[in-house]
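Chains as they are written, first to last, in the numbering used here: chain A, 1 to 159; chain B, 1 to 272.
Honestly, the hints are just simulated from the structure, not real lab data. Keep in mind that the hints are not guaranteed to be accurate.
Pairs of lysine-lysine, BS3-like flavour, derived with a Cα cap of 30 Å [claimed, not checked]:
no., chain 1, residue 1, chain 2, residue 2
1, A, LYS128, A, LYS2
2, B, LYS9, A, LYS153
3, B, LYS241, A, LYS128
From the structure, some residues in chain B lie toward chain A, with a derived Cβ separation under 10 Å [claimed, not checked]:
no., residue
4, LYS7
5, LEU36
6, GLN41
7, THR51
8, THR52
9, VAL55
10, LEU116
11, LEU117
12, VAL121
13, TRP134
14, ASN136
15, GLN179
16, LEU263
Far from chain B, some chain A residues (derived; all Cβ distances over 10 Å) [stated by the list, open to error]:
no., residue
17, MET1
18, THR18
19, GLY95
20, LEU97
21, ARG132
22, PRO145
Glycine included, each C-beta is placed from N, C-alpha and C at the ideal position.
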Amino acid sequence: MKTLYIILLYILSLVLETTVFGKLSVFGAKPDLVLIVIVLVALHRGPLPGEIYGFIGGLLEDFVTFGSLGIQALVKTLTGFGVGFLRNKIEEENGFLLMLLVFFMALISGFAASLAKTFFSSYVFLSKDALRIVLAALYTMLLTPPVMILVKKIFAERK
Amino acid sequence: MSYFWAKYKESIVLVILVLLCLMLIGSPLNKQANVLRNFFQYLLQPSQEITTELVQDNTNLARNISALFGLREKNIDLQEQVYRMQGQLQSVRETLSENERLRAMLAYKKSASRALLAAQVIASDPANCFTSIWLNRGSEDGVKVNTVALAFQAGKIGVAGRVIEVQPQSSRLLLLTDQDSEIRVIDQRSRFDGVVTGENSNSLRLRYFLFESDLQAGDDIITSGKGGIFPAGLMIGTITKSYLEEDKLFKGGTILPEINPGLIEEVMLIIQ
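With the rest of the complex left out, here is chain A (with noise of 0.2 Å):
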């Protein structure tokens, strides 16, 4: 059931992102809703459900995304795994700490996925790409309480 929640909540999560943060965008950059979700899946349960959940929601954002079907799906997964190996070292409660995470993930995976593009399509990475991912990490960063709110309803269900 829970599973259902979290995959539910990605597909909310891309809707959102393909719609309304269409019209809000700032300067091209798009908040990553589906990245905060695993951050605190993972966060919560451990790498291996990290990289799961990681995994699924990496590929139904390749589906809406424009470009080779796999690459979030891998730098997800890769995320999800690296995020695990915090739990029980971050205060989940601590917001601001949550938000730091969230920031630094967005950025190292935008990144990622722009390397993986670059190396597995013909993707050239341009000084234009790097600001944008920069403003969408902190867009993104900028999001993490609401999500945390939802994540966080998810799993007190299941206690």
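Following the hints, position chain B against chain A.
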């Protein structure tokens, strides 16, 4: 075995998932990805359309919220009145703006010799709003791959891009600002021709103009019709800078697109 699994399960699953991702990226399935994407988009389309409608109805939501804080100390009745009036005003402004765009589109449709079809943007690429968008028109409306789209903004008409994926009731438009977009163009003043490519931002790059080409800032760039997809004479944008490329064989430059692809709400598809 169970000890090995218990100790290394995270790493084993990670290796399997990473290999799966690499297989997806490199496999022929990637060429069939459009089928999967179209299916997923088909599932998402109703929710995207509803969300887009809601967003359009509340375009000035942020302004309303900020106004709410400023009016706190005022009398409640007055607040309600102000809100009602602001809401009506914003609604009227939004309607006027929409009306203006649609009138421009209608006027163009009447004057154009081509068969045109209006389409609404229902979703954009989650990674970057300058790469691709989804439209609410598909093969059932006569849309095909490589159908050209024009957009209207502030009284200006410009190329928005071309259709790259078609479903029965929706289609994906590759915006002219996407890095994969290439359009054959000419300088309207000097008539030299070259190519315009996207940069995933609100600027375009001029390429492959012969070194003797006369390109000047302020020149209008239009489609040449030589690429076989875009009809000749459609407005692309205005040159902001031109320079000789490092190889000294070609001239290049940057262009400000006639329309901002990040702000497109409706387009007109050239279906014939």
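Against the structure, the hints:
no.: 1; hint: LYS128/A with LYS2/A; verdict: 39 Å, violated
no.: 2; hint: LYS9/B with LYS153/A; verdict: 28 Å, holds
no.: 3; hint: LYS241/B with LYS128/A; verdict: 17 Å, holds
no.: 4; hint: LYS7; verdict: 12 Å, violated
no.: 5; hint: LEU36; verdict: 6 Å, holds
no.: 6; hint: GLN41; verdict: 7 Å, holds
no.: 7; hint: THR51; verdict: 4 Å, holds
no.: 8; hint: THR52; verdict: 5 Å, holds
no.: 9; hint: VAL55; verdict: 5 Å, holds
no.: 10; hint: LEU116; verdict: 24 Å, violated
no.: 11; hint: LEU117; verdict: 22 Å, violated
no.: 12; hint: VAL121; verdict: 8 Å, holds
no.: 13; hint: TRP134; verdict: 7 Å, holds
no.: 14; hint: ASN136; verdict: 12 Å, violated
no.: 15; hint: GLN179; verdict: 6 Å, holds
no.: 16; hint: LEU263; verdict: 8 Å, holds
no.: 17; hint: MET1; verdict: 20 Å, holds
no.: 18; hint: THR18; verdict: 4 Å, violated
no.: 19; hint: GLY95; verdict: 21 Å, holds
no.: 20; hint: LEU97; verdict: 23 Å, holds
no.: 21; hint: ARG132; verdict: 7 Å, violated
no.: 22; hint: PRO145; verdict: 16 Å, holds
Of the numbered hints given earlier, the model fails hints 1, 4, 10, 11, 14, 18, 21; all others are met.
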